[in-house]
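> So the sequence lines, in the order shown, correspond to chains A and B. Heads up, the first sequence is in our numbering, so the first residue is 1 and it goes up one at a time. Heads up, the second sequence is in our numbering, so the first residue is 1001 and it goes up one at a time.
Treat the hints as calculated values from the structure; they're not laboratory data. Each hint should be verified, as a subset may be incorrect.
[Said to hold, decoys possible] Okay, the calculated bits of chain A under chain B, using three or more residues with CB under 8 Å as the criterion:
| no. | stretch |
| --- | --- |
| 1 | 52-63 |
| 2 | 150-161 |
[Stated by the list, open to error] The following residues of chain A were derived to be distant from chain B, with all beta-carbon distances above 10 Å:
| no. | residue |
| --- | --- |
| 3 | Pro34 |
| 4 | Ala46 |
| 5 | Gly81 |
| 6 | Ile145 |
Note that the structure is predicted; figures quoted are calculated from it, not measured. Note that the Cβ used here is the ideal one computed from N, Cα and C, for glycine as well.
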Amino acid sequence: MSAALKEWPLAASVATTLVFLLLGQQWLADLSNPFWFALMLLWPLAAILLSAFALVRHAESVAAKVGEPLGTLVLTLAVTGLEAMMIAAIMYSGPSESSVGRDTMFAVIMIVLNGLVGLCLLLGGLRYREQTLNLYGANAFLAVIIPLTVLVLVMPTFTTTTGGATSSPLQSVFLIFMSVGLYGTFLALQTRWHCERILHRGHGRRERQHGG
Amino acid sequence: MEDEAHYHGLGELRSLPYHLTLLLSIVTFMLPRTNVLLGAVHLLMFLAYLMLLFER
Chain A
1 MSAALKEWPL AASVATTLVF LLLGQQWLAD LSNPFWFALM LLWPLAAILL
51 SAFALVRHAE SVAAKVGEPL GTLVLTLAVT GLEAMMIAAI MYSGPSESSV
101 GRDTMFAVIM IVLNGLVGLC LLLGGLRYRE QTLNLYGANA FLAVIIPLTV
151 LVLVMPTFTT TTGGATSSPL QSVFLIFMSV GLYGTFLALQ TRWHCERILH
201 RGHGRRERQH GG
Chain B
1001 MEDEAHYHGL GELRSLPYHL TLLLSIVTFM LPRTNVLLGA VHLLMFLAYL
1051 MLLFER
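Kindly produce the complete structure, drawing on both the sequences and the hints.
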């Protein structure tokens, strides 16, 4: 019973979904009242956050059960699936939202590579003066991130087959296969061949990394 | 710039801080040890990105 009670976020998000499916149209028609707007903004946001944290909690316990090489994969796929599903849902809502995928990916890259890395180095530097890095893992991530993101995000700006920063079908197909191939290789490397060296090297403690 | 919403790529303006970020990350992860300075520089790049969100 107590185990079922702990799953209240599921009930909350299902209830929110049903309520908005039934009444969403008329509720969202008039957002001129700021309090109503805040409620309509914060309620679904709270439901999304609740579900996301519940999902990560479950993924983590599954990962702990299946053990290390596959556990990382479970966490990675859970977070990536969550993210891809949210972006796809927004993009599906209209053609004007088609840039959301690109902007979200760019934001994630900037937040992780600049915001999080900077914060870690700054706070760690203040506390320990100098820190050593797990270079093998970091460089593996970086080596995949650089070609993947530059080809996908920057190359369309400079291609001339189609106008603007867009891709022709051939270019798109190439990018899709390249992304899938690189990411597949990376997952294989992370889970099978070199997982020991990527996950922990030199430190006694285990660091869990997953590319989201 | 007006139909940037339909672009696949970032466009030239936002590509620049992105390239800088990659260069900076390479420098950071080449070093055997890191210190406060690198963290501050990374955060500076993040602030530049935030600024570009509001005014371009």
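> Does the no-contact call for A:Gly81 survive, Cβ to all of chain B over 10 Å?
23 Å, holds
> Can we confirm that no CB of chain B comes within 10 Å of the CB of A:Ile145?
8 Å, violated
> Are all C-beta atoms of chain B more than 10 Å from that of A:Ala46?
24 Å, holds
> Given that the stretch 52-63 of chain A was listed as covered by chain B, double-check it with a C-beta distance under 8 Å for 3 or more residues.
violated (count 0)
> Using Cβ atoms and 10 Å as the threshold, tell me whether A:Pro34 really stays out of contact range of chain B.
22 Å, holds
> With a Cβ-Cβ cutoff of 8 Å, does the stretch 150-161 of chain A contain at least three residues near chain B?
holds (count 7)
Checked against the numbered hints given earlier, this structure breaks hints 1 and 6; the rest are met.
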